[in-house]
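Undergrad: Each chain, written out:
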Amino acid sequence: MNETIQNIRSKALVIGLLGTAAAGAGYVVAGPAQFFQSWLMAFLYVFAFPAGALGLLMIHHLATGRWGLVLQRPYEAAARTFPLLALFFIPLLFGLDHLYAWVNPAAHHDHVLEHVMHHKGMYLNVQDFHVRAVIYFAVWIGLATLLVKWSRKQDENKADAEMYGRKMRMLSGIGLVAFGLAVTFAGFDWAMSVEPKWYSSIYGAMLMVAQGLATLCLFAIIAYMLSADKRYGAVIGTQQYHDIGNLIFAFNILWTYMGVSQFVIIWSGNLPEEVEYYIHRSHAPWPEIAIGLAVFHFGIPFALMLMKSTKKNPRILARIAVWLLVMRLVDYFWMLMPAFRHKEFHLHWLDLAAPVGLFGLWLYVFLGFLKSRPFLPLNDPRFADVLAHPEHKDTGWEADASDA
Amino acid sequence: MSAPVTDKSMGHVEIAEVVDLRHTYDSATDKINNVILTKKTPMGLTIIMGVCFLIVGLLMTTITKLVSTGIGIWGNNQPVAWAFDIINFVWWIGIGHAGTLISAILFLFRQEWRTSINRFAEAMTIFAVMCAGLFPLLHTGRPWLAYWLFPIPNVMQMWPQFRSPLMWDVFAVSTYFTVSALFWYTGLIPDLASLRDRAKTKVAKIITGIAAMGWRGSARHWQRYEIIYLLLAGLSTPLVVSVHSIVSLDFAVSQLPGWHTTIFPPYFVAGAIYSGFAMVLTLAIPVRKFFGFKDLITQKHLDAMSKVMLATGLIVLYGYAMEAFIALVYSANPHEEFLMKNRMFGPYAWSYWLLILCNGVIPQLLWLKRVRMHTLTLWFITIVINIGMWLERFVILVTTLHRDFLPSSWGMYAPTKWDIAMFIGTVGFFGFMMCLFIRFIPMIAGFELRELLHKKKTPHH
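Going line by line, the protein sequences match chains A and B.
The opening residue of the first sequence carries number 9 in the numbering used here; numbering runs sequentially from there.
The opening residue of the second sequence carries number 320 in the numbering used here; numbering runs sequentially from there.
Hint data in this document are derived by calculation from the structure and do not stem from the laboratory.
Hints are not guaranteed to be accurate.
Listed next, the in silico DSS-like pairs over lysine-lysine satisfying Cα-Cα at most 30 Å (straight line) [said to hold, decoys possible]:
hint : chain 1 : residue 1 : chain 2 : residue 2
1    : B       : K519      : B       : K608
2    : A       : K157      : B       : K688
3    : A       : K161      : B       : K519
4    : B       : K626      : A       : K166
5    : B       : K775      : A       : K316
6    : B       : K774      : A       : K320
7    : A       : K166      : B       : K619
8    : A       : K316      : B       : K774
9    : A       : K316      : A       : K238
10   : B       : K619      : B       : K774
11   : B       : K608      : A       : K161
12   : B       : K688      : A       : K166
13   : B       : K521      : B       : K359
Please put together the full structure from these sequences, using the hints given.
TA: Written out as structure tokens, the structure is:
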């Protein structure tokens, strides 16, 4: 197993370095504006994995479930990558004026923006932006560090397993509150404010759902990969894939639901300060991209995943997951780029190189963390039940409901 | 088969399982069915039913007065054109959501603790939706013409306005009611059959016999039952989200500050589940004490439901926080800002802060296991949440409408005695229906409980 991971790691490293180097070269070739736009999108795309993983890890600690146990180690490994994300974030700090019109409203010859910034300036200003970013990362890194530390102690010390389980549960309750607020406001700061006049109160929730979706998709693939491991393969079975598949299905519906809600409300209200967001997306090819997302991000995966057989078959599930991970990138493109390119659409090779580069580097680090610990939390008290009933592995839930 | 387990032998031990494992199939079934198959109605139940019946009389009087006079007897008028009618509609619809969530979503998630409370919660859903439906129906002013809301071909050139969420409400709520009723009844059939088999009087045998629709409990019956139940659960699941999302759009698609905000749909759904679970507990806690059902509706149920309330309550609080943050800090929209300040410090400030206290502050006690385990405190908290969720709708409706864009048209709102009578009347109707349900229909799904007992008692399950 470790060889497979090492193999993927080295490939990820090469791709990551190439992509990042290309992005660096892009700074010189294409200019800073293009570079920062692509880098922001790439950053947010990769950020989804540790963020989604940390949120799901805490939900897993609070709500027991077998699907959670097989994903716990991938969650923890991903949550440990927040410092790397902080590193990825640093370049953005040098390009704030290229990304956010609120940094220097006078330069944009937009009276409305200048007027609005009189009020918004108390929140949207460079200094507070920095301070808040430090707070967000401190919250995430703090939570991830503690949860991973206790989980490691649980591995080493079977006698105290119960106690560490309780500790993780306690932290997860409070932690989810802090985490949710940090992700929401980070979403406002980093993504929503690229259109500084616009606002939408669902934005934070929608971002969290999208992050959860991306994380589950990635981990469906990781779980399939790990199933080659003897011990892991003995625990994961059709039912776990089915559960993970159902969650991906549910998160995808939730993402669509929130996107549609936002659109219906803003479109019906048709208020100038809000509808600008959709006006920016009203010229070709933006509406086509939106329809594409509706069909390929939601419609087709939805139709495929209605069938039990697609969710129970890890190979098919992994393919759908790869597809959805591609669609996630398209969604970030749709969310961010019209702010900069609504007058003139263009697609730059940097828009692909930067995400691929950052994702490659991230994957390299993530897999390193993943392989450094056992793939299953064997000392988790909940795990005893899983090992005691291996025959449960292959029973579907409909069998479960009717076998009594 | 052992003798039925009595309450005395159970003692008052706290039960950590979702069902007391000392029960046998027989004892559990008897315990549930004995409430129905007896000629003696408990005195307490008779008294409660009597009081509720009097209140139903009040409701009937109000409706008569309303229909004969017109909705002018209500307190809503410009600028607060929507008030108690919609507040109570949303409140009741929200309460219904817990039933659907427990019966459908928790079923799909294989949560064991849904058994023994699902029947009860589903009944609550149905009665709550009935109460909810009354308000918009009567608010039309001419309820006998309510069928005009449906797209029925006619010669009057009347066609519904499909672009209005109020129209979507008609479809959402009627679908919701239909599916909930079907789901509830389907789940009842095996239990009605076991009632039929145990009935002693001829009348009881005939009535339960017809209601059981020829259920014999054959393998084929069970196989079909499992399929239809799963399908209905799948159908109900989107309804949990769609109904309250559409209710939220009634407000959100307008341009009014305080209504027009994108967080509304998910935040309304969370609020609905929050209030629904609170209501299930408000009713279940006294019932389990009164009928000695502590071994069937155990501490574990109360604990799980408290946690759901805590989680959904935090989502609701997140909604308030987003609204306030966007309005006061981020939007830079003077109308939004005024609305939020007026909500917090205007003439109705008391309702806003009371709402924060009821929905945001007091329920945080549920973080403590001690509070979740203390039934009386828990019961008190559920009532506080019920009040809080009612206040939420009051705040949304009244504080938004009473001071609009034009100061010359500002006004204040107060309900009339008929508003209050109608609201109390529906509470009485709800209570009356719940009493009838408790007396005549098995309030815990007996066969699901037996299945759970089987699973728990058989090793390797």
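Undergrad: Evaluate each hint against the coordinates.
TA: A quick look at each hint next to the structure:
1. B/K519 - B/K608: 27 Å, holds
2. A/K157 - B/K688: Given pair A/K157, B/K688 holds - Cα atoms ~25 Å apart, limit 30 Å.
3. A/K161 - B/K519: 62 Å, violated
4. B/K626 - A/K166: Given pair B/K626, A/K166 holds - Cα atoms ~28 Å apart, limit 30 Å.
5. B/K775 - A/K316: Roughly 27 Å between the alpha carbons, so the hint for B/K775 and A/K316 holds.
6. B/K774 - A/K320: 24 Å, holds
7. A/K166 - B/K619: 27 Å, holds
8. A/K316 - B/K774: 25 Å, holds
9. A/K316 - A/K238: Distance ~26 Å between A/K316 and A/K238 Cα, so the pair holds.
10. B/K619 - B/K774: 17 Å, holds
11. B/K608 - A/K161: Cα-Cα ~43 Å, so violated.
12. B/K688 - A/K166: Judged against 30 Å, a Cα distance of about 25 Å means the pair holds.
13. B/K521 - B/K359: 17 Å, holds
Checked against the numbered hints listed earlier, the structure breaks hints 3, 11; every other hint is satisfied.
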